[in-house]
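Protein chains in written order, with this note's numbering: chain A, 6 to 605; chain B, 8 to 303.
Simulated from the structure, these hints should not be mistaken for lab results.
Don't take every hint at face value.
[What the hints assert, rightly or not] Sample of chain B residues facing chain A (criterion: CB under 7 Å; computed from the structure): (1) Asp191; (2) Glu197; (3) Ala198; (4) Leu199; (5) Gly200; (6) Ala236.
[Claimed, not checked] In silico negatives: residues of chain A with every beta carbon more than 10 Å from chain B: (7) Gln164; (8) Leu165; (9) Pro461.
C-beta: ideal position from N, C-alpha, C; glycine also.
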Amino acid sequence: MTRSADKAGPLLELQDLRVELDSGVDVDDDVWLKLYRGEVLGLVGESASGKTTAATAILGYQRRGAHVVSGRVMLDGRDILRLPPSELRSLRGRLISYVPQDPSMSLNPALRIRTQLTEVLEVHGFGQTPADREQRLQEMLAEVLLPTGDKFLARYPHQLSGGQQQRVVLAMAFACQPSVIVLDEPTTGLDVTTQAHVLETIRQLTATHDVAALYVTHDLAVIAAVADRVAVMYAGKLVEIASRDVIFHASRHPYTRKLLAAVPSMKATTLPESIPGVAPRPGQRPPGCAFADRCGWALDTCRAEVPPLEADAEDHRTACWRWRELVDEFGREGGALEARSTKRTEHRRPVVLEVAGVSAWHGDRKSLHRVGLTVEEGKCIALVGESGSGKTTLSRCVAGLHHGRIEGSMLFRGQPLKRLAGQRSRDTRQEIQYIFQSPYSSLNPRKTIAQLLERPLKVFFRLSRSEAEARMVEALEHVALDASVLDRYPDQLSGGERQRAAIARALAAQPTLLICDEVTSSLDVSVQSTIVELLSRLIEETGVGMIFVTHHLALVRAIAEDVAVMSDGRIVEAGRTLDVLDAPQADYTRRLLADTPQIT
Amino acid sequence: MGRQPSLVAAAVPRRQSQRATILRTTLSFGRTRAGVILLLFIVAITVIGPLAAPHSSTEFVGTPFQGPSSQAPLGTDNLGRDVLSRVLHGGWSVLSLSIAATLIGMGMGVTLGLVAGYARQWVDETLMRLLDVLLAFPTLVFALLAVSIAGPQLWLIVLAVGIGHAPRVARVARGAALEIVGQDYVSAVEALGVPSWRILFGEILPNITSPLLVEFGMRIAYSVGIIAALSFLGFGVQPPTSDWGLMINENRLGLSIQPYSVAVPVLLIGLLAIAVSLIADGLTRAIVGIERESGG
Chain A
6 MTRSADKAGP LLELQDLRVE LDSGVDVDDD VWLKLYRGEV LGLVGESASG
56 KTTAATAILG YQRRGAHVVS GRVMLDGRDI LRLPPSELRS LRGRLISYVP
106 QDPSMSLNPA LRIRTQLTEV LEVHGFGQTP ADREQRLQEM LAEVLLPTGD
156 KFLARYPHQL SGGQQQRVVL AMAFACQPSV IVLDEPTTGL DVTTQAHVLE
206 TIRQLTATHD VAALYVTHDL AVIAAVADRV AVMYAGKLVE IASRDVIFHA
256 SRHPYTRKLL AAVPSMKATT LPESIPGVAP RPGQRPPGCA FADRCGWALD
306 TCRAEVPPLE ADAEDHRTAC WRWRELVDEF GREGGALEAR STKRTEHRRP
356 VVLEVAGVSA WHGDRKSLHR VGLTVEEGKC IALVGESGSG KTTLSRCVAG
406 LHHGRIEGSM LFRGQPLKRL AGQRSRDTRQ EIQYIFQSPY SSLNPRKTIA
456 QLLERPLKVF FRLSRSEAEA RMVEALEHVA LDASVLDRYP DQLSGGERQR
506 AAIARALAAQ PTLLICDEVT SSLDVSVQST IVELLSRLIE ETGVGMIFVT
556 HHLALVRAIA EDVAVMSDGR IVEAGRTLDV LDAPQADYTR RLLADTPQIT
Chain B
8 MGRQPSLVAA AVPRRQSQRA TILRTTLSFG RTRAGVILLL FIVAITVIGP
58 LAAPHSSTEF VGTPFQGPSS QAPLGTDNLG RDVLSRVLHG GWSVLSLSIA
108 ATLIGMGMGV TLGLVAGYAR QWVDETLMRL LDVLLAFPTL VFALLAVSIA
158 GPQLWLIVLA VGIGHAPRVA RVARGAALEI VGQDYVSAVE ALGVPSWRIL
208 FGEILPNITS PLLVEFGMRI AYSVGIIAAL SFLGFGVQPP TSDWGLMINE
258 NRLGLSIQPY SVAVPVLLIG LLAIAVSLIA DGLTRAIVGI ERESGG
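Okay, chain A solo, but in the shape it has when bound (with noise of 0.2 Å):
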C-alpha cells in the first residue's frame, strides 16, 4: 500500500454530501470520503446506490433533475460545489479529470484521435506552443500504451478497439496531470485480458503522477484488484470504509460480508451465496438502516435509527449498530449451496443435443468454424469465451436465431435440427429455450407479465383458461416470483425480477434445453448469485439440459459440469469443469484464468 498520504493529510474531501432529486428523493445522504494522493479509493456499491452521484458531485456536477442539498467538496481549500461555473469548468479537465463508463459514448464519432487530445490540451492552455502540446501529446500515449505514429492520430474512434479507445479517454483525463481522477467503471464492458491491461495503465498512471484516484464501480474483484481503500456504499449511504486487505478479509458490516460471498469464486467449491430481497430504491428507502430488511441479524434498532459511520484507531469505518458483537457471528451461518462443477457426476445420462462440425457465417464472414459439443440431460455446459468468440453465435444457431449461413449436423433427440425456428416443427420450438443477455431488451415492455407467459402456453399447447393461468404461477414459483407480478410491466421490476420473468417465460414452455446466453451479465452480483442458484436448482429439479453462455469464468465454476472455452470460432479446449479450470491445456485458457480479476 502507497498510504504515502498520511503525513500530508487529504488532497480532496468530500463531506456530509447529500444529493435529492427536484421531488425531494434523496439519492445520496450523509457521503463521507477523503482521496489521497498516489491513492486509489475504491468506491462500491450495487446499481441506484447512489455511487456515481457522489462521484460526480466530485467533478461539481449533478444529472439533471438532481441537486446537492448539503455538503461540500474542499479541493486545496476551496468548496467545488460553490464555485463559480467559470472557474468549475477551468477546473474541471485541468485538476479533476472524469473518464467514463463507456468509452464509445464519450468520444466524438467525427473527430480524428489528434483532434480530441489536443482540444483537452489547447482547452486548458497546457503548454506554451503547439510544439509543447505535440510533445506532451506523444507523452501522454506514450503512457497508455498507445502507439505514438501520425498513422494512429489520424484515426477515428470506431477504427479503434474498445481497449484502445478507453485508452484514449484514459490519456484525456490524465493529459493535464490533473491531481484528482474520477473513474467511473471504466473497464466495463471490456474483456477480460483488456481489462485486466487498462487496470494496470490506471494503477501505474495514478502511482507516477502521485494522482488521487477515485474508482467507482459495482465489480468487486476489480476493487481488488486496483484499489488501495475501499469504502462500500448501500441505499445511497456509506456502510464501510477501510483498507482494501481489510474489507476483504475483516469486513464489519453485514452488507460487505454478503456481497462478498455473492461475488462467484474461482477456487471455492460451493455457489455464490444470495442476499435475500432487493435494494431499496431512491425514495423507498425504510428509516433506520437501510440494509435491516435483508439483513439476517437486524434488531429493531437497526429499523428505527439510522447507524452513524463509526470509526476504530486504524480508520476502519463501520455503519452498523451490532458490528462488535456480529465480528464473531461471522462465518456461521452454515454452509452455501454445492457448486454444481464438484458434483460427482453419474454414468452417462440420455444425450439431447449434439452438435457436431458445425460452422456458421455472418454475411461472408466466417464466424464459427467447425465446432461440435454435447449436451445431456440434467446437466449443464458452459461455453466460455470473450466477445467474438462465437459463443453466442453456436447457441442462436442451436435455437434457430442464426439468419446467416450454416453448415454441419446439429442433432436434437436424435433427429437433424432446421437452420430457424420458424422452419422446425413446434415440438422442437417448444422443446428448445433461451434466454436472452439483457432481460431490459428480451420483454417486451409494452406487454404485461402474464401476456408475456401467456405466449409460449398458447403457442405450444391446448389450455383452459384456468389451466394456463395455474402454469403461469406454476412457472413464476420456479423462479421465486409472486403471483402479483402478473399485472405489472416489465419496467415496474427490477432487473433481477425481469431476469426471473424471463426465465419463467422460457420454463412455462416446459423445454429440455435450456439455453442461457450471457443472462447474469447485465444483473448485479447479489442478483446473480441468485440467478445461479435458481438454475441450477432448475437443472436438479427439471432434469433440463442446459447451455450456458457466459464470459465470466468464475461462474463456470458454480453452474456447469463441463465446460467449453471458445475463441475465434474455435473451440480450444473441452472437458469437465474441473479438469479444465484446475489444469488448463490450451494456452488460451491459461492466459483467460490468469487475467481474470480474482479477490486474494
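For this one, chain A is given, so just place chain B on it according to the hints.
Quick look at chain B alone, frame taken from chain A:
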C-alpha cells in the same frame, strides 16, 4: 416554464405506465394547452355550429357582399347568403375529410413501413424505392391528378390525399421499427414460431406508437391544408354545400368590399392547422425528453 417538468415526472420511480407520463408531460407544456384549447374551439364550431346557425347554409338573407347587420352578423357572401351560418356549417367537411385522409395514409404507411423494417434486405429495398417514386409527387399534385382523371369525388379526394401521405408515414414507421426489430423480445417470439403479421402488429407496433402519434398530428395539419386547397381550387366539396376552403374561393372577388366572408374561413383553417401542430410539437418534446431521461 423555467424547469422542464418532464424530468421530474421521469425521475420518480416508474410506477405509472409510460404512456400516462407522456400524456401528462405533454399537457404540462403551455404550447400544448393552447393547442388543445384551440382545437376544442374549432371542433366545437364544426360539431355544434350547424345546430346553432341562425340560417341554413343556402338561405338567401340579403344582397351579395353586404356588410355586417343584425340579419347577418358577419355580412353576406357572393350570393347573398349569411356568412356566419355558412362558416358554422362549413367546418365539418374540412375536419372529417382531413381525419379520414390521414387515417387512410397512416394505415397504409404504417403497414408498409413495418413490413419494410421487419423484412429487411430486398423487400425493404423494393418497397422503399417504390415509395420514393411516390414521394417525388407533391401530395397536392397527386390529388389533382387523380381528381382530373375521375372527377371531383369526395372519396377519391380522401383516398388520393391518404395515398399521398403513405410514403412519408412509411419512412417514419420503418425508421422506428428498425430499432425495435433488433430487440431481443422480437427474437424471443420468433423463436416461439409466432407468425410474422402478429410480430408486426402485436410486438413491434405497440412500441412505436409515440413517433406515430406525432406523425399523425402533423399529417392532420397537412391534410387540412391540402383538402382546403382542393376545395378552393374547385375540386373538393361542390357548391352549394358550405365549406371553408370553397368559401374562400367563392368570395375572393368581394374581398375588398366584404372581408369577413374570406377572412373568417381563412382564420379558422389557419387556427385548426396551428392547433394540431402545437399538440404534435408538445408530444414530440415530451417523448424526446422522457426518452433522454430514461436512457441516461
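Legend entry - Those earlier numbered hints the structure runs against, lowest number first: Of the numbered hints, 6 and 9 do not hold.
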